[in-house]
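Chemist: These are the residues of each chain, in order.
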Amino acid sequence: MTYAMNRLTVPVTVDEEKCIAAKGCTVCVDVCPLDVLAIDPIKGTAYMKFDECWYCMPCEKDCPTGAVQVDIPYLLR
Amino acid sequence: MTALTTQDDEYAQLRQRMADTDPEIRRIALMDMTDSEDEEVAEPLLIDALRDADAGVRAQAAAALEGYESVAVVAALLEALDDCAESVRAAAALSLGELKDSALGPVLLAALSTSSGYAKAAIFRALRELRVQESLAPALSAIADNSAEVRQAAVGVLGYLRDPSALVALSLVATADTDAAVRRTAVGALGFASVLSDVFPALIKALRDDFWQVREEAATTLGKLGAVEAIAHLIGTLRDDYWQVRIKATRSLGRLKSRAAVPAVSEALFHEVSNLRKEAAVALG
Amino acid sequence: MDTIEIEVDVLVIGGGTAGPMAAAKAKEKNPALRVMVMEKANVKRSGAISMGMDGLNNAVIPGHATPEQYVKEITVANDGIVNQKTVMEYATSSFAMIQELDSWGVKFEKDETGDYAVKKVHHIGTYVLPMPEGHNMKKVLYRQLKKRRVDITNRLMATRLLLDEHGAIAGAMAVDSRTADFHVIRAKTVILATGAAGRLGMPSSGYLFGTYENPTNAGDGYSLAYHAGAELSGIECFQINPLIKDYNGPSCAYVTGPFGGYTANANGDRFIECDYWSGQMMMEFYKELEGGNGPVFLKMNHLAEETISTIEEILHSNERPSRGRFHEGRGLDYRSGMVEMHISEIGLCSGHSGSGVWVNERAETTVPGLYAAGDLACVPHNYMLGAFVYGKLAGESAAEYCATHALAAIDGKQVEQERERVWGPLGVVDGLPPSQVEYKLRRMVNDYLQPPKVTRKMEIGLQRFAEIRADLGRLSAADPHELMRAMEIHAILDCAEMAARASLYRKESRWGLYHYRVDYPEKNDKDWFVHVQVKKAADGAMSCFTRSIEPYLVALDEEEKTAYQKLRIAKEPAAA
Numbered sequence: 000m001t002y003a004m005n006r007l008t009v010p011v012t013v014d015e016e017k018c019i020a021a022k023g024c025t026v027c028v029d030v031c032p033l034d035v036l037a038i039d040p041i042k043g044t045a046y047m048k049f050d051e052c053w054y055c056m057p058c059e060k061d062c063p064t065g066a067v068q069v070d071i072p073y074l075l076r
Numbered sequence: 000m001t002a003l004t005t006q007d008d009e010y011a012q013l014r015q016r017m018a019d020t021d022p023e024i025r026r027i028a029l030m031d032m033t034d035s036e037d038e039e040v041a042e043p044l045l046i047d048a049l050r051d052a053d054a055g056v057r058a059q060a061a062a063a064l065e066g067y068e069s070v071a072v073v074a075a076l077l078e079a080l081d082d083c084a085e086s087v088r089a090a091a092a093l094s095l096g097e098l099k100d101s102a103l104g105p106v107l108l109a110a111l112s113t114s115s116g117y118a119k120a121a122i123f124r125a126l127r128e129l130r131v132q133e134s135l136a137p138a139l140s141a142i143a144d145n146s147a148e149v150r151q152a153a154v155g156v157l158g159y160l161r162d163p164s165a166l167v168a169l170s171l172v173a174t175a176d177t178d179a180a181v182r183r184t185a186v187g188a189l190g191f192a193s194v195l196s197d198v199f200p201a202l203i204k205a206l207r208d209d210f211w212q213v214r215e216e217a218a219t220t221l222g223k224l225g226a227v228e229a230i231a232h233l234i235g236t237l238r239d240d241y242w243q244v245r246i247k248a249t250r251s252l253g254r255l256k257s258r259a260a261v262p263a264v265s266e267a268l269f270h271e272v273s274n275l276r277k278e279a280a281v282a283l284g
Numbered sequence: 000m001d002t003i004e005i006e007v008d009v010l011v012i013g014g015g016t017a018g019p020m021a022a023a024k025a026k027e028k029n030p031a032l033r034v035m036v037m038e039k040a041n042v043k044r045s046g047a048i049s050m051g052m053d054g055l056n057n058a059v060i061p062g063h064a065t066p067e068q069y070v071k072e073i074t075v076a077n078d079g080i081v082n083q084k085t086v087m088e089y090a091t092s093s094f095a096m097i098q099e100l101d102s103w104g105v106k107f108e109k110d111e112t113g114d115y116a117v118k119k120v121h122h123i124g125t126y127v128l129p130m131p132e133g134h135n136m137k138k139v140l141y142r143q144l145k146k147r148r149v150d151i152t153n154r155l156m157a158t159r160l161l162l163d164e165h166g167a168i169a170g171a172m173a174v175d176s177r178t179a180d181f182h183v184i185r186a187k188t189v190i191l192a193t194g195a196a197g198r199l200g201m202p203s204s205g206y207l208f209g210t211y212e213n214p215t216n217a218g219d220g221y222s223l224a225y226h227a228g229a230e231l232s233g234i235e236c237f238q239i240n241p242l243i244k245d246y247n248g249p250s251c252a253y254v255t256g257p258f259g260g261y262t263a264n265a266n267g268d269r270f271i272e273c274d275y276w277s278g279q280m281m282m283e284f285y286k287e288l289e290g291g292n293g294p295v296f297l298k299m300n301h302l303a304e305e306t307i308s309t310i311e312e313i314l315h316s317n318e319r320p321s322r323g324r325f326h327e328g329r330g331l332d333y334r335s336g337m338v339e340m341h342i343s344e345i346g347l348c349s350g351h352s353g354s355g356v357w358v359n360e361r362a363e364t365t366v367p368g369l370y371a372a373g374d375l376a377c378v379p380h381n382y383m384l385g386a387f388v389y390g391k392l393a394g395e396s397a398a399e400y401c402a403t404h405a406l407a408a409i410d411g412k413q414v415e416q417e418r419e420r421v422w423g424p425l426g427v428v429d430g431l432p433p434s435q436v437e438y439k440l441r442r443m444v445n446d447y448l449q450p451p452k453v454t455r456k457m458e459i460g461l462q463r464f465a466e467i468r469a470d471l472g473r474l475s476a477a478d479p480h481e482l483m484r485a486m487e488i489h490a491i492l493d494c495a496e497m498a499a500r501a502s503l504y505r506k507e508s509r510w511g512l513y514h515y516r517v518d519y520p521e522k523n524d525k526d527w528f529v530h531v532q533v534k535k536a537a538d539g540a541m542s543c544f545t546r547s548i549e550p551y552l553v554a555l556d557e558e559e560k561t562a563y564q565k566l567r568i569a570k571e572p573a574a575a
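Residue numbers (numbering that gives the first Met the number 0), protein chains in the order written: chain A, 0 to 76; chain B, 0 to 284; chain C, 0 to 575.
Mixed in with the good hints there might be a few duds.
What the hints assert, rightly or not - If we take Cβ atoms under 10 Å as the criterion, some of the chain A residues that face chain C in the derived model are:
(1) VAL30
(2) PRO57
(3) LEU74
Stated by the list, open to error - Under the rule of at most 20 Å between Cα atoms (straight-line distance), these lysine to any residue pairs were calculated in the SDA-like manner:
(4) LYS109/C / ARG250/B
(5) LYS565/C / SER273/B
(6) LYS138/C / THR25/A
(7) LYS109/C / GLU128/B
(8) LYS138/C / ASP100/B
(9) LYS60/A / HIS315/C
(10) LYS525/C / TYR504/C
(11) LYS223/B / LYS109/C
(12) LYS99/B / TYR115/C
(13) LYS146/C / LYS223/B
(14) LYS277/B / PHE258/C
(15) LYS138/C / ASP34/B
(16) LYS48/A / THR178/C
(17) LYS99/B / LYS146/C
(18) LYS223/B / TYR504/C
(19) LYS99/B / GLY104/C
(20) LYS244/C / LEU74/A
(21) LYS118/C / ARG250/B
No wet-lab data here; the hints were simulated from the structure.
Note that the Cβ used here is the ideal one computed from N, Cα and C, for glycine as well.
Sequences are here, hints too, so could you generate the full structure?
Modeler: Shown next as structure tokens:
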């Protein structure tokens with residue numbers, strides 16, 4: 000079987016300047032009910048890995064540095 | 000899998016991270032600890048963190064202490080009410096507001112005399128739910144405070160205490176305080192009166208307050224008190240400029256099962272705002 | 000990938016609302032018990048109330064409502080199909096639960112003297128207690144779990160229950176969504192608290208995760224109970240809610256109602272007497288939406304500035320706080336415009352309607368040692384407070400069961416079979432991605448099961464579901480996360496099939512829009528005043544049968560019986 004690659008914009012964005020994942024913070028990854036966030040091991044910052052967001056906002060509310068921003072997914076906007 | 004059992008080495012590691020020179024690492028350690036450690040273990044560390052050099056760490060600690068109920072915690076949070084950072088003061092006030100154990104009342108009361116403004120209001124807000132009799136006197140004297148925030152919080156304490164000896168003072172606040180929010184709170188607080196005549200004049204006066212939310216509260220409180228003596232006044236309120244106030248008067252007249260009000264309430268069935276029409280129908284039904 | 004074995008006394012599956020309460024109460028009943036909460040996400044922010052709740056919809060508070068009144072209200076709202084004993088158990092326990100939650104630090108609205116500020120939204124009684132500061136719910140629950148030393152495991156998805164040779168509970172199996180490790184948990188009792196089947200229908204936006212329910216609640220528990228041989232009930236009584244269009248979240252009538260907001264048609268006119276969610280209300284909503292007066296809106300632009308600011312503060316900080324961001328993006332201000340509403344995708348949820356795992360007033364299912372609470376347990380219109388009350392009952396019942404039962408032996412065959420099923424997708428290198436299969440499945444659910452229900456369409460739907468079932472072996476997972484999604488599809492498919500079969504079985508219309516069958520448009524009490532149950536038969540096939548309704552504890556008079564049939568406003572008096 001062959002697979003196509005589709006580009007998608009994601010609703011959760013992380014300000015890499017503010018993110019302190021490199022220092023051991025995993026708050027946003029921990030609180031996401033859908034487990035869609037992950038830490039990029041090379042950059043040491045969080046990012047949205049799976050396009051499965053409920054726009055529920057714990058990641059943004061619980062982030063200790065205000066690095067996470069949740070937008071409404073484009074399809075719903 | 001994360002188990003909540005404490006491991007000694009994990010604890011040592013945590014202590015080390017909490018002493019790190021990087022405030023962000025200290026903050027993350029603090030969050031991890033709040034999640035995993037038992038309260039007995041966490042409490043002294045959180046209290047220490049309230050004196051951290053970094054405001055972010057202090058605010059985090061103040062927030063994490065929500066639900067901890069000990070004299071040491073309350074004393075530390077009271078101190079944090081005077082923190083130079085606004086975020087720390089706000090978090091400390093919120094955590095104090097969560098207290099449930101009335102045995103902690105004396106600690107709060109002792110801090111009242113040396114506090115003012117924001118901190119004093121926060122202490123009164125914390126005292127409200129505790130309902131300790133000893134807060135009566137300080138709350139009564141605080142209704143003359145310069146700060147409206149303090150007056151409102153003190154009135155809140157009196158409303159929850161439900162001590163009839165406060166009714167005279169509350170009546171005065173309800174009708175004469177310069178701040179509308181304070182008057183509204185006082186009007187609501189009058190709802191604990193067991194003898195209507197103690198509060199009747201104040202509530203009737205409040206029905207004519209300049210601010211609609213005070214009038215609304217007065218109409219509601221008269222209904223709660225079952226004040227049949229107020230029926231004529233409430234019928235008058237059915238002509239209030241604000242339909243929101245009329246709704247509350249309608250509801251109260253319904254609760255009072257007033258026959259005299261039927262014609263006036265029936266008129267509301269034709270008001271342009273459907274909320275009022277609906278409320279009138281309920282009151283008549 | 001490892002197989003990990005754990006042994007506990009009480010296993011609670013689901014750490015949202017009912018689950019933490021069940022665990023806390025089991026531990027309270029007997030602190031010596033080993034109690035574990037197993038959560039698919041993270042207990043700190045999981046379930047329907049991850050961001051808190053803005054109010055109680057069903058508070059039975061002395062002075063405002065009586066348990067008898069409430070039982071009547073719910074009996075009528077659920078069109079007579081209730082086991083009143085279960086509703087009564089809730090109603091008589093609800094006030095004590097409010098007080099206990101209050102003592103734990105949950106904030107309910109009170110007046111200035113500290114009395115609960117109860118508001119009227121329902122048709123008959125007064126049950127709404129707002130929680131303008133209700134955003135700390137999960138924090139409060141987490142603290143209670145810690146205090147009682149309940150074990151917590153996060154990111155584990157339960158896939159099947161383990162049974163002993165007599166069909167009683169022996170434990171559960173689960174997969175880790177981060178590592179794909181397979182877990183075998185031996186337990187004396189299992190409490191299911193996995194929430195609604197919220198990923199059944201597809202939102203009209205086409206965004207798979209833009210569901211009304213927290214999409215983590217994929218219906219796992221319905222499937223777990225079914226395969227363990229438990230009876231499920233009222234599956235044909237779908238959950239369908241009036242929601243903010245596109246955003247697909249509540250707006251929410253319970254919050255705005257007491258402040259004066261209401262559901263209106265395109266002319267800004269009220270067309271239903273009462274905004275309390277029921278099938279009958281949804282039917283009127285549907286008619287208005289499809290009729291000449293549509294679309295339907297939530298109207299707040301007649302309220303005072305002070306009131307609107309308060310509403311904004313509540314709606315934009317609780318339950319679904321991104322509502323504010325959504326409206327802002329479209330330039331909608333409650334002060335001037337109205338909020339466009341539409342009808343949600345279908346789901347299974349007893350918290351809102353009546354579809355769930357059958358339980359009695361002790362939260363016992365029909366499988367010994369298995370308990371259920373919350374949105375997936377069949378206690379109609381139970382909402383959040385019902386989840387807490389039944390969580391408590393389940394926890395206490397489970398603790399009692401532990402006192403007289405030993406751990407059952409684990410059947411290696413069940414474990415082997417399940418591990419093979421669960422790890423299967425990891426071994427399929429050239430297969431179907433879960434997202435694609437889920438999209439197709441849920442589109443079929445919309446096409447064939449969304450009311451109005453049509454017999455022929457549902458029959459075709461069953462054929463399509465069977466074809467997708469045949470595809471399950473071709474599901475492939477690139478990583479443990481996708482593996483979780485693949486296993487969720489198995490559960491969603493079970494729910495879809497149950498929904499179709501139960502709907503076909505009940506040959507009448509009932510619950511307004513929830514079970515509106517165009518081939519049988521009338522309610523038929525003579526033949527269908529019964530529960531419809533779904534169960535896995537001995538031969539493994541899905542079977543439907545009826546269960547008679549227990550004699551009512553609280554009788555209804557004729558007028559009360561039809562109260563919810565008269566929700567449409569006959570004719571508004573002309574404005575003065």
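Chemist: Compare the structure with each hint and give your call.
Modeler: Outcome of the hint check:
1. VAL30: At about 4 Å, which falls below the 10 Å cut-off, the nearest Cβ of chain C leaves the hint on VAL30/A intact, so it holds.
2. PRO57: Holds, because the Cβ-Cβ distance from PRO57/A to chain C comes to roughly 4 Å (cut-off 10 Å).
3. LEU74: holds, 5 Å
4. LYS109/C / ARG250/B: OK: LYS109/C and ARG250/B at ~18 Å, within 20 Å.
5. LYS565/C / SER273/B: Answer holds: LYS565/C to SER273/B is near 18 Å, not above 20 Å.
6. LYS138/C / THR25/A: Roughly 18 Å between the alpha carbons, so the hint for LYS138/C and THR25/A holds.
7. LYS109/C / GLU128/B: Measuring from Cα to Cα gives roughly 11 Å; hence the hint holds.
8. LYS138/C / ASP100/B: Between LYS138/C and ASP100/B the Cα gap is close to 19 Å, so the pair holds against 20 Å.
9. LYS60/A / HIS315/C: holds, 12 Å
10. LYS525/C / TYR504/C: Within the cut-off at roughly 15 Å; holds.
11. LYS223/B / LYS109/C: holds, 13 Å
12. LYS99/B / TYR115/C: Roughly 17 Å between the alpha carbons, so the hint for LYS99/B and TYR115/C holds.
13. LYS146/C / LYS223/B: The given pair, whose Cα atoms are some 39 Å apart, is violated under the 20 Å limit.
14. LYS277/B / PHE258/C: Measuring from Cα to Cα gives roughly 13 Å; hence the hint holds.
15. LYS138/C / ASP34/B: holds, 10 Å
16. LYS48/A / THR178/C: Status holds; Cα separation ~16 Å.
17. LYS99/B / LYS146/C: Holds - the C-alpha atoms of LYS146/C and LYS99/B are around 16 Å apart, at most 20 Å.
18. LYS223/B / TYR504/C: It is violated: about 50 Å lies between the C-alpha atoms, which goes past 20 Å.
19. LYS99/B / GLY104/C: holds, 8 Å
20. LYS244/C / LEU74/A: Judged against 20 Å, a Cα distance of about 12 Å means the pair holds.
21. LYS118/C / ARG250/B: holds, 12 Å
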